[in-house]
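K.L.:
Sequence:
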Amino acid sequence: MNNILTEKEYQRYIIEQLVKTECGYVEAPAAEFDRLFAMNRKALFAFLDATQPEKLQALRKIYKEKTEDTLVAFINQQETRANGSRLDVLKHGVELANIHLDLMYTKPATTFNKELNALYHKNIFTVSEEVWASDDERIDLVIFLNGLAIITFELKCNAAGQFYQDAIYQYRMQRNPKDRLFLWKAGSLVNFAMDLEQAYMCTKLSGSSTFFLPFNMGCGEGIQVGAGNPLLKDEYSVHYMWDDILQKDSLLEILGKFMFIEVSEKEDANGKVKKNETVIFPRYHQLDVLRKVLADVKEHGSSLNYLLQHSAGSGKTNEIAWLAHRLASLHSADNKIIFDNIIICTDRVVVDRQLQQAVLGIEHKEGLIRVMDDQCNSTDLANALGGNTKIIATTIQKFPYIVDSVKGLKNKHFAVIIDEAHSSTSGKNMAAITKSLGSGEVETDVDVEDIITDEIQRNGKQPNVSMFAFTATLKPTTLQLFGRVNEQGQYEAFHIYSMKQAIEEGFILDVLQNYITYDTFYRLNKEIEDDPEMKTNDAKRQIARFVQLHETNISQRIEVIIEHFRQNVMQELNGQAKAMVITESRAGAVKYRQAFEDYINRKGYTGLKALVAFSGKVTIDGKEYTEVGMNGVAEKNLPKEFDKDEYQVLLVADKYQTGFDQKKLCAMYVLKKLRGVNAVQTLSRLNRICPPFDKKSFVLDFANDYADIEKAFSKYYTVTLLSNSINPRSIYDISAKIDGYFFLDPGDVEDFNTLLYKEKVTAADKKKMTFFLQKAKNVIEKNNDEQTQKEIHMAIRHFIRCYEFLVQATCFEDVDIHKKYKFLSYLQTYLKVRHSGGGFDLTGKIKADNFVQKKSGEFVNTKHKADPIVTLPTSELLSLTPAKIERLSQIIAEINSRTGKNYNNDVAVKAMLQIKDIMLKSEKLRASAQNNTERDFEFAYFDNVDDALVEGLEQNQDFFSLLLDNDEIKRQVLGIFAGEVYHALKGDKQTKMLYPEPGRQEELKAADGAAAYGKQGDE
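Every letter in the sequence shown is one number past the one before it in the UniProt record's numbering, and letter 861, counting from 1, is 861.
These are computed hints drawn from the structure, not numbers from a lab.
Incorrect hints may appear among the rest.
Taking lysine-lysine and the PhoX-like style, the derived pairs with C-alpha atoms no more than 20 Å apart in a straight line are [claimed, not checked]:
1) K766 to K777
2) K711 to K673
3) K435 to K410
4) K758 to K274
5) K986 to K921
6) K107 to K274
7) K696 to K663
8) K272 to K655
9) K185 to K91
Here are the in silico distance ranges between beta carbons for each label pair [unchecked claim]:
10) D296 to G506: 26 to 36 Å
11) G659 to K863: 47 to 57 Å
12) E641 to D751: 50 to 60 Å
13) G161 to E635: 54 to 64 Å
14) D49 to S134: 43 to 53 Å
C-beta: ideal position from N, C-alpha, C; glycine also.
Start from the sequences, fold in the hints, and give me the full structure.
P.N.:
Put into structure tokens, the structure is as follows:
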């Protein structure tokens, strides 16, 4: 007696689930399978007799006793011809002797047509076990639709020591792709390798190069989500296959609404365009997101927004195409169309035509979709919105130009699908979308107050516009704008396919798994006798740029880069591997390209060529450089050129760091600071897999700490949750702050808005409006020093940004605040802060030598942690600390002393500055300063000192270790900053002395030449 589940029992269990009354499958004997045509003839003609008896009778009159053979052969011919497929035959039927036969009925969009709904329910699903595809190949299960084989299963039972990997091996090595059942496009549409725990799928068998994709639900929720399926007590982990996917309604939806043949074009080295076809079967998360979104929209109409946090590797282009196609025909429960137009917005200047091809692949219908490419203007877009085109793909940049030109849209409903929401939702662009499409109506004979209220409403969430925002890297503002509040009161995405799951499922690479950091050390000296005073930060910026572009620094780094590429990367992907160098500036891109050419020429290296990418022009030593001039390649053709085997390296300056998909990119060399979302987006250029190769990624980073990069990724590794939100109190707090500067006259603001919202603004009105703005500007400049003017500028910018976001994300309405917003928006362009003194050009006045590039860290196969909480900036404004004035020698000594070990005054000052900066960024201390006296604040201050010392340990390890080990010295040295940090975080203008005690400044002047080395990249 065998008490352990066998493969045969597992097979029978699945069949029993399918033939249950509610599922309605029919079990057909394997003997009924016609291996020559991969069908069950009996089921095919039973379906035709039940649904199209008159047409079948007409064919029998023509072909007599040969009718069945003739029809089967004709279907086979339609499936196996060059442009044919079984999917096409199922979707569109066949036409023989001018008689059209349908071979599948999909579910009608409405319940109006009783006949079509009746035919839909007459589709016949059969399942057969132990089916012989040939004399040597027996398949566990085959699913048929109306007699045509559509799905095969190879089943394995974990309890018997067999797993899905064994099933994949069978498909790859023991199944003949030329057998009719497995013939690509003409046979089974999809093949599943499945055990009790996991399922994998493939739409094309091609021997040992066959590529299977996971078809799993994902395991865990929230921060724990990953690959695989949940373990269940009372059901097999893959129960969703028979409980959901193989259900009649589900499978017909997949065949009719999801599956399509994707056609891509690629130009070879000879300029010949080669077409590549792929049969697309949706992955599980793609089905899941579409079904959940459509169900929610069906219930709520256009009243809600949807945020979809889908990682790279999610197949977003197809997700957007499916969503656009389904929303275009979606009806409510009472059979009314929900959306009149579907608008796909991308932040790419040239709209991705893959979207158009994907939509047409699902349903090739004339006039269904129109792409507004760079040849189309805003008028074309306005006409398309007002016309009959159902789906419109455009760039978001076009929306601001049609705000006032689109007419007659107030009674229409729109679905706006935004690709990469993080970069497409700036205040002005989002307001332009809602204002263009909103149902608010402006009348000319109403009160100014009503016009303003209407404008506020039009800029917020409109009842006739739903936004569907796709992004992998959620900013806090995006979460509040589009997210939903969960039971913990946090904002989260409507649907998540995480970076963690995509990595574990093998759809993208973990780019942090082979990460090397480098530090640059050098010695800095003055080249002049004078020791001029200048602003510390200005000097540091000039020094940093001087060091970054120093020829010795560049030549050393280029040597590291090229030799690493040649020794570790070049042979990857069968010699097709490519790399990207992220430079800090356009001048840097030019100089590194020149150094690259010089080095390979000097070494005599061949097979190694570089392109450069930067915008505009840059002048170096009197010579002008452009991207096109250096490459000899048109800007729009650069991605195509870089894809060729001729080029291996692309040096970029603020280009191709987002939205650039090059699967052969294996290495990245980072020469600039990367922070937050920008770090994730830039490094993610490396994460594309490149089948059939087992691709590895490499990162060499000369500018960032690994801990900072890992922290940036931690926000997007699993889920991203917003723990606070902007509310009306935020804007009122900033408004009160602005009022405290006494430059706004309430009467002027009122009169300005009255003129602004007149039906016809005259020249005299514009003069009056200009007077009000100039008056406020003069008050600001006359009554405030430079430092306070900067604070006013910051407050105005903060007010404008906060208000624009608030009216989009909430139902906030306050006419007086809106009037202030309009006035300040115009005033901002009039303001210019004076810069008095402090400027000094360091060109030719400093020199650097003794450059050393030293490997500082190597991180391989590291384990990640998720830190999903993000927050919106609060309304408190940190007062600007006055620019610190120091001697040039002090600044140089400070830089050079970063790795010194004598604990002299110079090192102490630098260490304290680092600690102060860390403390000023502490949200915990900010809250304490806002709610406590200075004396009470010191308790929280010293509680946080050790954390700050640990955070800065890498920069000043020896000195910080000394402080960590000695509480008395720590309090004596760091206590001097407690007052300054308190007043800065509280928002007071008062500050305390930077240095330990009066009179010590002179002691801090260093000798002209410093003996210690400096470390680049910290400023």
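K.L.:
Evaluate each hint against the coordinates.
P.N.:
Hints, one by one, checked against the model:
1. Simply put, K766 and K777 have alpha-carbon atoms about 16 Å apart, close enough for the 20 Å limit, and the pair holds.
2. Straight-line distance between C-alpha atoms of K711 and K673 comes to about 14 Å, which keeps the hinted pair within the 20 Å bound.
3. Between K435 and K410 the alpha-carbon distance is near 10 Å, which keeps this suggested pair within the 20 Å criterion.
4. For a cut-off of 20 Å, the pair hint linking K758 to K274 is broken: about 60 Å separates their Cα positions.
5. Using a Cα cut-off of 20 Å, the hinted pair K986 and K921 holds, with the two alpha carbons roughly 13 Å apart.
6. Using a Cα cut-off of 20 Å, the hinted pair K107 and K274 is violated, with the two alpha carbons roughly 36 Å apart.
7. Between K696 and K663 the CA atoms are separated by roughly 11 Å; this keeps the pair inside 20 Å, and the hint holds.
8. Distance check on the hinted pair: K272 and K655 sit about 28 Å apart at the alpha-carbon level, beyond 20 Å; violated.
9. Distance hint between K185 and K91 is fulfilled; the C-alpha atoms sit about 13 Å from each other, no more than 20 Å.
10. For the pair D296 and G506, the supplied restraint of 26 to 36 Å holds, since their beta-carbon distance comes to about 30 Å.
11. With their beta carbons about 29 Å apart, G659 and K863 fall outside the hinted range of 47 to 57 Å.
12. Look at E641 against D751: about 58 Å separates their beta carbons, and that is inside 50 to 60 Å.
13. Between G161 and E635 the beta carbons are some 58 Å apart, a value that agrees with the proposed interval 54 to 64 Å.
14. Between D49 and S134 the beta carbons are some 30 Å apart, a value that contradicts the proposed interval 43 to 53 Å.
Going through the hint list in order, the structure does not satisfy hints 4, 6, 8, 11 and 14.
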